[in-house]
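K.L.:
Sequence:
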Amino acid sequence: MGISNTNMILLLSFFVILSPIPTLLAASNDLQQAEGYKEEFNWKSLFNPVITVTIANNMSRGETISVHCSSVDDDLGTRILHSGEYYQWKFREHILDGTKFDCQVKWRTKYVEFYGWNTWNLVRCIKCLFQATEEKIISPYNDSFWDIYWY
0 MGISNTNMIL
10 LLSFFVILSP
20 IPTLLAASND
30 LQQAEGYKEE
40 FNWKSLFNPV
50 ITVTIANNMS
60 RGETISVHCS
70 SVDDDLGTRI
80 LHSGEYYQWK
90 FREHILDGTK
100 FDCQVKWRTK
110 YVEFYGWNTW
120 NLVRCIKCLF
130 QATEEKIISP
140 YNDSFWDIYW
150 Y
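Per numbering that gives the first Met the number 0, the sequence shown runs over residues 0 to 150.
No farther apart than 30 Å at their CA atoms in a straight line, the calculated lysine-lysine pairs in the DSS-like style are these: (1) Lys99 to Lys126; (2) Lys109 to Lys126; (3) Lys89 to Lys109; (4) Lys105 to Lys126; (5) Lys135 to Lys99; (6) Lys89 to Lys126; (7) Lys89 to Lys135; (8) Lys135 to Lys109; (9) Lys135 to Lys105; (10) Lys89 to Lys105; (11) Lys99 to Lys109; (12) Lys89 to Lys99.
FRET-style restraints, in silico, Cβ to Cβ: (13) Gln87 to Arg107: 22 to 28 Å; (14) Tyr140 to Ser69: 19 to 25 Å; (15) Asp142 to Glu84: 22 to 28 Å; (16) His93 to Thr63: 30 to 36 Å; (17) Lys135 to Ser70: 20 to 26 Å; (18) Arg107 to Val49: 33 to 39 Å; (19) Gly61 to His93: 36 to 42 Å; (20) Glu133 to Asp72: 32 to 38 Å.
Hints were generated in silico from the structure; no laboratory data involved.
No experiment lies behind these values; they were computed from the predicted model shown.
Quick reminder that beta carbons are idealized off the backbone N, C-alpha and C, glycines included.
The whole structure should be built from the sequences, with the hints applied where relevant.
P.N.:
This is the structure:
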């Protein structure tokens, strides 16, 4: 006796909705410890978590990179990062509305474009660190498949 297509879709939907919960719970605790405050757990924060996105210049030769990120609502402007510097922003994710930040990073005559944040990232990270090296942008997802190579 197999599972019907409708039941399979319901089961997968249930998993997709609940899969970020352990990540959000852990991140909530990490955020409280890192920022030095204690807060009562709030179930609403599961659907409106604080997201931290960081883009770091990890070039070994002292190179500078240019970073520009924007969403539909916010243009974060262009930042010049010297070797060892980073740019970071935080925001509250609205899961039902969906948030997306597009980023462009330039180095010399090369560039990359990627999503600095997309709502689907919730299943991968709450604190997302992108690291620029001479070879590529290393993604925060612990999987080289998602790394972004310079054009």
